[in-house]
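Using the hints, position chain B against chain A.
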Amino acid sequence: MKNIKFGFSLLFCIAIFYALNTKFGSLPPLGKFLSPTEGFWQNEVSESNTNNTISINGLSASVSVKYDVHLIPHIFAQNELDLYKAQGYITAKHRLWQMEFQTHASAGRLSEIFGETALDYDRQERRRGMGFGADNTIEKMKEDPEMISYLEAYRDGVNNFINQLQPKDYPVEYKLLDYKPEPWTTKKTALLLMYMTKMLAGGDSDLEYTNALRKFGKERFDLLFPDFFDVNDPVIPAETDWTTMNAKITETPQSEFPLDSITTVLNKPHPNNGSNNWAISGAKSYSGNPILANDPHLGLKLPSVWYVMQLATPNHNSFGATLPGALGIISGFNTHISWGETNATRDVLDWYKIEFKDESMKQYKYDGSWKNTSVRVEEIKIRNKETFIDSVTYTHHGPITFDATFKGKSDKEGYAMKWAGHIGGNNQRTFIDLNKSKNYDDYLNALKHYVAPAQNFVFASIQGDIAIWIQGQFPNKWKGQGKFLMDGSNPENDWQSYIPKGHNAHVKNPKRGFVSSANQHPVDESYPYYVFNDGYETYRNRVINDFFSSKEKFNIQDFKDLHNNNYNLKASELLPYVFKNMDTSTLTTQEKEIYNQIKSWDFNTDFNQIAPSIWASWWSNIYNLTWDEFEVEELVLKKPFTYQTIYMLKNNPQDAFMDIVDTPEKETSKDLFLIAFKETVKELLAWQTEHGDYYWKNYKATFVGHLLQGLPAFSRFNIPIGGDANTVNAASKNHGPSWRMIVEMTSPPTALGIYPGGQSGNPGSKYYDNFIDQWADGKYLELDFIQEPEATKGILFTQILTPNNE
Amino acid sequence: MNKKSINFLLTLFLAYILALFLPWWSVMVAALITSFLIPLKKATVFIIPFLAVSLLWIIQSWLLSSANDYTLARKIAILFSLGENPVLLIIVTGLVGGLATGIAGIFGKQCKLVLK
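Quick mapping for you: the protein sequence lines, in order, are chains A and B.
The letter at position 374 of the first sequence is residue 632 when you use the numbering used here, and the numbering goes up by one with no holes.
The letter at position 102 of the second sequence is residue 107 when you use the numbering used here, and the numbering goes up by one with no holes.
The following block holds chain A by itself, in its conformation from the complex (with noise of 0.2 Å):
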């Protein structure tokens, strides 16, 4: 009887104890988390304000890191390699779950942490080249051994982290998966930056293109597509002469593009993805500064994509934002100049349709012969279950990313991909020079090594020099080239060469006394590439331009203002003509009543109005009726840009294209927009019965996410913030304005800065998410520039790394 009851005891026991080390589904294992010694009640603390030191292998001498009220960190090292070890190692100790979760996602390594839910995905990314990128941007690298040893000093800083936490000391997000932080690599420095590039320039529409040339024919597909809007206002200013520059123009080939019926295509990155920046000449100055601003748009996550520092040796001082992950300022200022990025949105992603030999896919055909192909193995550890392998076949293309074994149709066929991201650069170089540029000689120097993503790099010296260069490596292109699925056998459809890093796009103090970008076309169209218009941004663009030319002088203020204008440039390029045009005898008591509402609106995408809600599902249902014919079953197809979309409603109104193809009538513009105000009124009355007044603020509801799919838990909701995708604070609902910089060119600089997140990548600090309400109000944090290792004014703790010499 007692053995029976032991062995019962037994049994009951183990059950419970794996019962509560396990994790089961989303559930995290109980024991272990809920323990106060051991789970998150371990991380349930703000950062200490507690001056300590920390003893750190390998340092040449010690290292002060003082913290200031917001907890950045103002690192000072006497030599680089102390000075990118210590980045490393406080990066890490911020920000360490978010530097290994968005490179294992760059890599496609997500089933190791969520198991085979995350399997397609992983493949996808493999498929895509990741990892390939990734090992050439570190062979590129090799080059540069300085570069190498920098690299391999932050690896040290962060692993020199990780080798001092027990399990209790690991992030929440480690403890909730169930998982434990690896040692960091300079490969997944590499896999960040491509991280990057992905987000960047990781986006093109040739397959979808290419469906819509075979189903609309080129005419109507040049109508919807056209390379040049009606309307430009470039990044480089249009009266810009070329004609030095004795351009060697790709001819283009009398080739036939193949017509084909795509079905799937790569995950997108965010269509707003995208910025501004702006630089004013000392002339345009109230104090005689130039003054230089930026604001990239990305998602808005949490832990924010930056992470704020200054970084100084005794021969630099540089401040900004960083990227987890990655070394030096991305954008910010030093001593002399500053600097920030836009977007350049090139299309430098091919697709090239390849004709196998046979089954085995070890040939394809070339040049009137066969090739031999080369298979990348891709070994895809599935958590609690076998690891995968995937064999990519590579073409000298690229990657084939769709065959008979990922979303392909047939055995002897295959997509390839040549994409900008696979060539390998040494980009990391250009912000490392950056940080220490001191003239407008510099800055060129820094940014001729950057390939990818390209980037409007805007420029302020104090000098008095403003400048801004489209930057990247950027095919040569035929004219129409990369438009629509190339014949990969076929030599004239290969990239043939790249256009000289001195003929890309720039201008240097230009005579209006400002430059500019936000994601519009680089050029106009006397310059003499081919650049064609891949989803330029149209707005923005226009306003900013328009505001600088509005008057003689500007200040902070000013800046402050532009960063936070809401001004719906789009919906003024409508309505007007809508309101003019409509019919509006049909209009309920009710839809009168909303209609007179929008009638009446100043176009400010304020989030305390009605009208911009209305105007947003409004445009919604009129885009989506317009191009109804796009909406086909087994066929990838892109609508066309919005500035089109509007351009055709306004001027060719009766286009077989407004027609609703599922009613008997013909509808013309003008029905268009009577049916969609209908289903408008209808939305909005069925939205505000489930959720109150459709003001702005609730109907667009802004949040900021967790990187893990925005749980909730760790997320920010319903942030009240102004403005929308088209405006120049270009927050919309779940992306916007990521960091809002300002600086001017006093000496030492003086600068302003915000982004919609906090220092501490914890969500049990209180630095987890500080920044959030300051900057959606529009306000900014001073930032310290601060010139003397020993200052202790508006420090919080200082933390001494010293050198661990056993």
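Hint data in this document are derived by calculation from the structure and do not stem from the laboratory.
Note that the structure is predicted; figures quoted are calculated from it, not measured.
Warning: the hint list may mix true and false statements.
Unchecked claim - For lysine-lysine, the following DSS-like pairs were computed, each having C-alpha atoms within a straight-line distance of at most 30 Å:
id : chain 1 : residue 1 : chain 2 : residue 2
1  : A       : Lys290    : B       : Lys9
2  : A       : Lys263    : B       : Lys117
3  : A       : Lys759    : A       : Lys737
4  : A       : Lys260    : B       : Lys46
5  : B       : Lys46     : A       : Lys263
6  : A       : Lys542    : A       : Lys811
7  : A       : Lys263    : B       : Lys9
8  : A       : Lys263    : B       : Lys47
9  : A       : Lys260    : B       : Lys8
10 : A       : Lys260    : B       : Lys9
11 : A       : Lys665    : A       : Lys476
12 : A       : Lys1051   : A       : Lys351
13 : B       : Lys117    : A       : Lys290
14 : B       : Lys121    : A       : Lys263
15 : A       : Lys1037   : A       : Lys694
Positioned in the frame of chain A, the structure of chain B alone reads:
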């Protein structure tokens, strides 16, 4: 002091000390040892270690989170569908710790019996 009180205090003491060196299951070890040394009778075999560690975990989690304005506790409470209520989460924490410990207590006593 009666056996129950001694068992209670010893479980509490061992659970506290062992957790300084061992993972979360150290509380189970504490109960196992205590019940082996000081076996109780009937339901108290379970209840006394249950109460000891529930109390310990409640106090520890309360001390940690009250010092930080319950910032994380509120968020984790949302995660566990407990509203934004950190008190409920603290109680759940105590229950989970207590449950594991109580069952280990039963096992500790059975070890003693089987060795007799």
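Those earlier numbered hints the structure runs against, lowest number first
Of the numbered hints, all hold.
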